[in-house]
Amino acid sequence: MMKAERLAFEYIRRDEEGNVEGITRAVDDVDFDIAKGEFIAILGHNGSGKSTLAKHMNAILYPTEGTIYVDGKNTADEQYLWDIRQNAGMVFQNPDNQIIGQIVEEDVGFGPENMGVPTKEIWERVNESLKAVGMYEYRKASPNKLSGGQKQRVSIAGVIAMHPQCIILDEPTAMLDPSGRKEVLRAVRALNDVEKITIILITHYMEEVIHADRVFVMDKGRIEMQGTPEEIFSEVERLKELRLDVPQVTLLAYELQKKGIPLPKGILTTEQLVREMTRLYG
Amino acid sequence: MTMILDHVSHAYESGTAMQVMALDNISLVIPDGQFIGLIGHTGSGKSTLVQHLNGLLAPTSGNIYYDGRDIHDEDYPKKELRSKVGLVFQYPEHQLFEVDVFKDVCFGPKNLGLSQKEIELRAYEALKLVGIEDEYFYQSPFDLSGGQKRRVAIAGVLAMKPQVLILDEPTAGLDPKGRDEILKQIAALKAKTGITVILVSHSMEDVAEYVERLIVMNRGRVLYDDTPSAVFAHYEELEKIGLAAPQVTYVMNELAKAGFAVRTDVTTIEEACDEILRVVSSVPFE
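Chains as they are written, first to last, in this note's numbering: chain A, 3 to 284; chain B, 3 to 288.
The set of hints was computed from the structure by calculation and includes no laboratory data. Here the structure is a predicted model, which is why all the values come from computation and not from measurement. Check before you lean on any hint, since a few could be wrong.
[Stated by the list, open to error] Facing chain A, a subset of chain B residues (Cβ under 8 Å, in silico): (1) Gly175; (2) Gly180; (3) Tyr252; (4) Ile271; (5) Ile278.
[Unchecked claim] Restricting the straight-line Cα-Cα distance to at most 27 Å, the calculated cross-link-like pairs of lysine-lysine (DSSO-like) are: (6) B:Lys186 - A:Lys242; (7) B:Lys130 - A:Lys242; (8) A:Lys5 - A:Lys75; (9) B:Lys186 - A:Lys261; (10) A:Lys142 - A:Lys122; (11) A:Lys184 - A:Lys242; (12) A:Lys75 - A:Lys198; (13) B:Lys130 - B:Lys186; (14) A:Lys147 - A:Lys184; (15) B:Lys163 - B:Lys192; (16) B:Lys81 - B:Lys163; (17) B:Lys163 - B:Lys194; (18) B:Lys259 - A:Lys261; (19) B:Lys179 - A:Lys261; (20) B:Lys186 - A:Lys260; (21) B:Lys242 - A:Lys142; (22) B:Lys179 - B:Lys192; (23) A:Lys133 - B:Lys242; (24) A:Lys242 - B:Lys179; (25) A:Lys5 - A:Lys222; (26) A:Lys147 - A:Lys133; (27) B:Lys179 - A:Lys260; (28) A:Lys57 - A:Lys222; (29) B:Lys242 - A:Lys184; (30) A:Lys57 - B:Lys179; (31) A:Lys222 - B:Lys179.
[To be verified] These stretches of chain A come out as covered by chain B in the derived footprint (C-beta under 8 Å, 3 or more residues): (32) 171–177; (33) 240–248; (34) 258–265; (35) 270–281.
Every residue gets a Cβ at the ideal spot worked out from N, C-alpha and C, and that includes glycine.
Throw the hints in and build the complete structure from the sequences for me.
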C-alpha cells in the first residue's frame, strides 16, 4: 500500500535576507512498508518529524532524497498527484480549520464534487460516509453547532467520501475532550476493521495506540523503534528517554514489577492487569 | 484575595429564541492559594466561567466579588483586575509576536506603565519561573520548541504579577514529556509564589496528579466540587457527561470487583502501586 525507501526531507532555514542559515533534516533515512489494511500508529515527541513524514504520504511534501510509493505510485511523479491525494486522505488536528460547508452533508460532499463524481453518486457517498462515522443523523446540522468530536468525525467522513484506501490522521484528538477522543477513535477503528481502510494515526495519547497492528516511534527524523504495541510499551525507560510515555495501566504494571510482583511485560489494558493479578493472587 | 461568585448566570443570545444558558446559577468561593482543576466536556461552560473571572464577560445575572468588591461596579478598576487575574488561553504560543523572547514577555508589564527597570526585572523573573534559560532570551520566540513557546507565553502573563493564574488547557498538543514539564513548572511556581492556580484540562490524569480541588462543570452548572479522589469516585456519572476518571481509578475498581480488598478512591499511579502492594503483601503466593 505504502512504501518508503531511504526517505529524507530537509528544511532550509533562511535569515531575513534570504541567506541560508542552516539545514534541518526533518526526516532522515526512513524505510517502511505498510500493507493494505494495516493500522499503524506513529509516536514521537514534538519536532521528531512525525508530521513531516505524514505530509509525504499524500504528496503535500516531496522527498529531498529517496522515494515514497503510495499504492505503487511514486509521489514525486506529478502525473499521479491527484490519484495519490484521493487515495491517501488526511485529517488534521483542528476540526475548525477543515470544515467549510454550511451544513454537514454539504461539507462531506465537497471532496467527491471536486473529483467530478456524478451528483447521484455524491449523495450516496455522503450518506454512507456519514453512517460510517456515526454522524448520519446530523447530516442537516450546521457544523458550528457540533462538539469537537463530532466535527472531527465529519472531517473524517469528508475524507472517506473520496473513497481513499488509506487515511492519515495527524493528532486528530489533540483538541478533544475524553468522550470526543473515544468517539473519534471508535470511528477510526471501525473504518479499519469493517472497511479495511489502511490507517496511519499520529498521536500523543499512548492509550490510543494499543489497538494498532504496528507502532513506529520517531526521534530526530528517524524511526527509532518499531513493533507491536506490546513490544513497544514494554520498553518503558527507552520511551521516557524519547520524551514519551506509556499508558497508565502499563506504567502501573511496570512499577509493580519493579517491586517484585511477577507480572508479564507489556500489559496494555485494565482487563489484562486484573486477569494477571487474579492469576497470581486470586 | 478571595474571589466569590454569587449566583452567577450567563445567557448567550439572551432574549432570543436561541438563548443558551452557558452558566446557570453558579456560586463558588475561590480562596487564596488553592490549586484548582476545572473539567467538563466541550460546551459545558468552562471557558465562559473562566472569562467571567477576569471580567472579559459580565454575568447576565448575579455578582462576582474580588477582594470584597463587585468587579462590575462602575468605579471598579477593570485594568487592575486583568493584571491580577491572569488568563492563559489555549495555544497561547499563537499570541507570541515580538522579535525576541525577552521583549515578548516585557509587553504585558510595559502596558501597565511601569518603569523600564521594573519591566525588565519582572520579565526576567517570569522567564526564570517558567524555566527558560538566559541563552534563549534573545532568540526569536518562533525558533523555540512547542513546549518552550508555551512557557514563554505563560511567562508573559506571569510578568503581570497576577494573584490568580488561569490556564486553559496548557498541555494540549504537547508530547508527554512536554506535558509533564509544563505541569511540574506550574506546580513549582505555585509552591514558590503562593498564587491561586486554576487549571482547565481535558486530561483526567493530569488534574488527578496536581490539583487539590476539582470542579466539574456540566450544562453550565457545577456538578461536583471536591477533592480529586472524591470526584473520581463518581466515575460512572462522569462518563455519562462525556468525562472519565484516570485509568488507574478504573484499574482499582476492577480489582475490587475481582475480589481484591483495595481502596478504590485512588487517582495516581504512585498511590495505586502502594495500595496494591499493601493488599498483596498480606497474601502469600500459592
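Practice prompt. Identify every previously stated hint that the structure contradicts and give their numbers, smallest first.
Written response: none
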